[in-house]
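Visitor: Following the hints, position chain E against chain S.
Chains as they are written, first to last, in our numbering: chain S, 1 to 531; chain E, 532 to 854.
FYI, nobody ran anything at the bench for these hints, they're computed from the structure.
Even for Gly, the Cβ is constructed at its ideal location relative to N, Cα and C.
If we take Cβ atoms under 7 Å as the criterion, some of the chain E residues that face chain S in the derived model are: (1) P613; (2) F622; (3) A626; (4) W628; (5) P640.
Example chain S residues on the side facing chain E (calculated, C-beta under 8 Å, incomplete): (6) N153; (7) L154; (8) R156; (9) A160; (10) G162; (11) A163; (12) G164; (13) V172; (14) P175; (15) L176.
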Amino acid sequence: MVLVVGSTMVLVVLPIARLVQIVLGEGARDLGEVLTAPGLGTAVLNTIVLAVLVTVIAVPAGTLMALGLRRADLPGRGFWRMAVLLPVVVPEFVLAYSWTQAYGRAGFTGALFGLEWEGVLGFGGVLVVLVVNAVPLAYLLAAVGLAARGEPNLERAARACGAGAATVLRTVTLPLLRPAIAAAAVLVFVLTLGTFAIPQVMGAPAGFTTVTTRIYADLARGSDPFTFIEAVTLALLLVVLAVLVIAPADTVLGPRLRVTRVAEAEGAPIVAARTSASRWMAAGLGCYLLAAVALPLLALVSAALTRAIGIPPSPANWTLDHVTSVLDQRTVEAVGRSLGLAFLAATLLTVLGGCVAVLERRRSGRWVGTLITLTLVLPGSTLAVALLITYGRWFGGTLTLVLLAYLAKLWAFAHRPISGALDRLPPEEMHAARASGASTLTAVRTVALRPLAPALLCAWLVCFVIALHEVTMSSLLYGPGSETLAVVVLNSQELGRIGQTAALSLLLTVLMAVPALLLWMVLRWLRTAHA
Amino acid sequence: MPESVVREVLDVRDLTVEYDGVVALHEASVSVGSGEVLALLGPSGSGKSTLLYAVAGFRPPSAGEVWLHGRLVASAHRVEPPERRDVAVVFQNYALWPHLSVIDTVAYPARRRRVPRAQARREALTILQRLRVAHLADRRPAELSGGEQQRVGLARALARNASLYLFDEPTAHLDTHVRGLFLAELVSRQRASGAGALYATHDAEEALGLADRVALLNAGRIVQVGTPGQVYAEPVDLWAARLTGPASVLVEGDRQLLVRPGWAGLGGDLSGRVSAVWFRGPHSDHLVETARGSLLIREPGPPRCRVDDEVSWSLHRHWALGA
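Only chain S is shown next, with the shape it has when bound in the complex:
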């Protein structure tokens, strides 16, 4: 209890309070000037427009995917279900950078087919890659919604009442999915507000700014107190925007989101169908993934291996120079720091997440669970700035501050799976253990720990994977000697070293792929354990 309350104070409450205090206190007299600074209005508008468009495009796309991938007659369904999640495994930074290398000027498709898309740097590119990045999340939430509420017999009953496939979708499936779709929309909107890596890599070079990239630029310029106040103000503005969307959504959807029914195993065919539609669907999915993920990653490999930009990526021009040149002391140290930091953060987070999950089941501890869930909407930039102004005096530029930021940002990610597993644990099992003579601790150890183990592992891996490629907060908080690998990649990109950046990006991706693969296996284990 003390640990949890203390941690929430240190990690969330105090920093946000300090943020508000600075903006309304020291920053108050500059507030008017800050809000009318040139370019700031554009950045805010860009951020809102992006968030709206990404939500409007990605959520229906993800929902359609979830509906399509439920068809039993889809060729290679198991493979597609995994493949559509691929963009999540690729770090946002790498996804953005690989797109610039694939479709940009003098890029991969340019060298091979003469196809170039100038707009890949700027609004268009940022929008498309943000959508690609958000679709898997929307898909996941819709798929979970389908599994929880879209029981096959509900749709069969509608068919047997005379409704055709389209009518069933309109009158039964989509109404059942409404809470999941709304939740996906809220989450995608808020995450897009706080996204940093993609607009930084694809927007900044073309002069396209968002709130997060402006915060980064403000803090990078450093000493000027005015830009500092501007960064702090923008950090607060992001939260305000997020809360403006969340608050009404939660009052409207909250009660419905909390009502879920567990249904029979997903994937049973709804009705007998033999159409070619599913083959077309598989082909469409394949093309999408090829263009959105496979080709950009290939371009990244090509950029890492090709001697110089502009020359054709043929074997004669291949070299390992870029790869060897980035594997220097600085990179190796950064990799070590990233792994160590992610390991420490994931371990501490699993403990903290577990504590909150247990605590929120008591009447007095319920608020902690709510507070932690709310941190999900705190943009990384906001948290980083808040932590910086609160603890910067003592820990500025150290790994400790970066670790604190990870803990604050990822707490909710650790809490959710553990809390969910506790929900599914039948209380009778614990009662039976107690009635058989076990003490509370023994009952937990012998009865509860085994069913909880996959969820704990899942929480640990989720935190590890996210911490490993985190760049929004790391890039604002690092100092000399505390760069993580993600920061090294970002710096390399800013210096315009294409080959090296591509090589580093691949390194980061490979580093991510291993724990991500483990995570996927754990999730499969979880699913089969339930069936």
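Guide: Frame of chain S; chain E shown alone:
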């Protein structure tokens, strides 16, 4: 076609259904006439639901044919979707839509026939009144008891005005006392409409009591079809005998004789020893060890003897089981 040619509402011919490479139903043939109830009796996993789902259009057959009113609706080559088949389904887990009120649920089939909303609701209310659940019209499924949910499920099926009803263990989740009421209602409504029905159940008493004919299913195969009296008194083998009710087997030479509890009585010229006695209320069951095997004898009233008593008994009737 003239009515004399097509007497059957449903005709299933040599139907085979595979699911994930496993044969769930093997060359099943059954038919249902107008106004007739055919019970599908078998343990769980025997293929009852698979047969229902293939008739409804939820599962494609890999071989065989399904004919509804003389129209081919399913074969290995063509599958009519459920909405174009003249069937109504009542599900084991009710399958009520959580986002629709009771009245909108029951109005749903009429709405699909493009009946205007107000009229569809009026028709729905009439059906709900007939089933005595009109007071639930504005509730959501989550606010109903199991018995109420299943009545709403039945009302929805009746609103379909189908000529074939498919019941998938509709009473499996109901309490015993609700069950009897529901069954009586179900059969009277369905018969009044003149429609045929396929009724899947694993409960022998239910099947024998409600059906005109019973089909016994074992591991995806139909092993016997007959009237309730036939399948009870003349089962094709020991498995069928055990499925349809309490069965004792006496050995006579190389023959096995089925003896139902009422087919033997206490008192007579044969002897045995009582090994167990159960008082069942209206009657009592006595398990008697005889030279030819153990025998269950049912007598009205309280038990006539105690365990370990030597008793005499007689055999009134028996049925020689097939090999």
